[in-house]
Amino acid sequence: MSNITNSSNFNWKDNSIEWKDIIKKEARGYVKGDDLGEVQEIGQDFVVTERGRVKKNKFYLPKPLVAGYDGEVLWFNITEQEAEDNFKKDEPPPTGEYSRYESASVTEQPDTQTYGKSASSIDLQKYIPLIQKRQIDGVGTDASYTKSQAGIRDWDNILKKGARTADDTAVGIVTAVNDENVIITSDGARDEFSIPKNEIQSYNGQEIVLNMTYDRMDQFKVKVPR
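For reference, each letter of the sequence shown is one residue, going 23 to 248 in the numbering used here.
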């Protein structure tokens with residue numbers, strides 16, 4: 023947590039940090055590690071996150087549903103489905119719309135461990151409670167957050183998603199995933215590529231981005247029966 027404690031905006035008394043210091047940080051659901059996008063703006067009673075590379079979606083997540091910040095990730099007591107159903111919006115919510123969430127307390131989460139004062143005593147309008155980092159152990163339970171180097175927790179989530187090279191060239195869609203590789207099929211099913219998982223740089227919810235440039239793709243091309 024040294025990156026937090028060195029911050030001039032770290033509140034030593036209450037073990038909290040100011041909202042403005044988590045701009046551009048990753049947001050996730052606390053229970054399953056669901057991808058909720060990247061923090062873009064802070065409103066009076068909500069946090070604006072954005073997810074997607076080509077088509078960007080905005081989420082207006084209620085501050086009262088924050089679980090805490092662990093130095094790298096801002097965690098919410100929200101699932102991905104709840105975010106999609108209730109908080110994906112084109113415009114900010116009307117004033118007072120999120121007041122119904124104010125009774126929700128992060129202390130109701132039994133495995134949310136805060137530092138210092140209880141999270142319920144921290145003014146969520148100004149500060150975010152700090153929590154311990156999630157366990158990243160490769161096991162994957164409801165109480166742990168597991169992801170690959172590319173940020174992919176469940177590889178099945180990338181099926182039917184687009185694929186793009188590091189030099190920003192669209193190369194097709196993901197059609198299959200096995201233990202070691204991701205199968206990408208080009209538009210029109212002309213070509214098929216078997217890409218090692220360690221060649222995947224990132225996943226933004228809409229596309230995977232590869233570590234390689236387009237001119238390297240040929241070495242991963244597989245022969246497709248015709």
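It is possible that some hints are incorrect.
[Stated by the list, open to error] Each computed EDC-like pair below joins lysine to aspartate or glutamate, with the alpha-carbon atoms no more than 16 Å apart:
id: 1; residue 1: K155; residue 2: E104
id: 2; residue 1: K80; residue 2: D43
id: 3; residue 1: K148; residue 2: E63
[Claimed, not checked] Simulated DEER-style distance windows between Cβ atoms:
id: 4; residue 1: G118; residue 2: E63; range: 15 to 21 Å
id: 5; residue 1: T101; residue 2: S121; range: 20 to 26 Å
id: 6; residue 1: Y123; residue 2: E72; range: 16 to 22 Å
id: 7; residue 1: T191; residue 2: E40; range: 37 to 43 Å
id: 8; residue 1: D189; residue 2: E104; range: 35 to 41 Å
Just so you know, the hints here were simulated from the structure itself, not pulled from any lab data. Using N, Cα and C, we set each Cβ at its ideal position, and we do this for glycine too.
Okay, the hints, checked on the actual structure:
Our distance criterion of 16 Å between C-alpha atoms is broken by K155 and E104, whose separation comes to about 23 Å. Restraint check: the Cα-Cα separation between K80 and D43 comes to about 20 Å, which exceeds 16 Å; the hinted pair is violated. For the given pair, K148 sits about 14 Å from E63 by alpha-carbon distance, which is consistent with the 16 Å threshold. Restraint check, G118 to E63: a C-beta distance of roughly 19 Å satisfies the suggested window 15 to 21 Å.
For the hinted restraint 20 to 26 Å between T101 and S121, the CB-CB distance of approximately 21 Å keeps it satisfied. In this structure, Y123 and E72 meet the distance hint of 16 to 22 Å, their C-beta atoms being roughly 21 Å apart. The beta-carbon spacing between T191 and E40, approximately 40 Å, falls within the hinted interval of 37 to 43 Å. The hint said 35 to 41 Å for the Cβ distance between D189 and E104, and at roughly 36 Å that hint holds.
Hints 1 and 2 from the earlier list are contradicted by this structure; the remaining hints agree with it.
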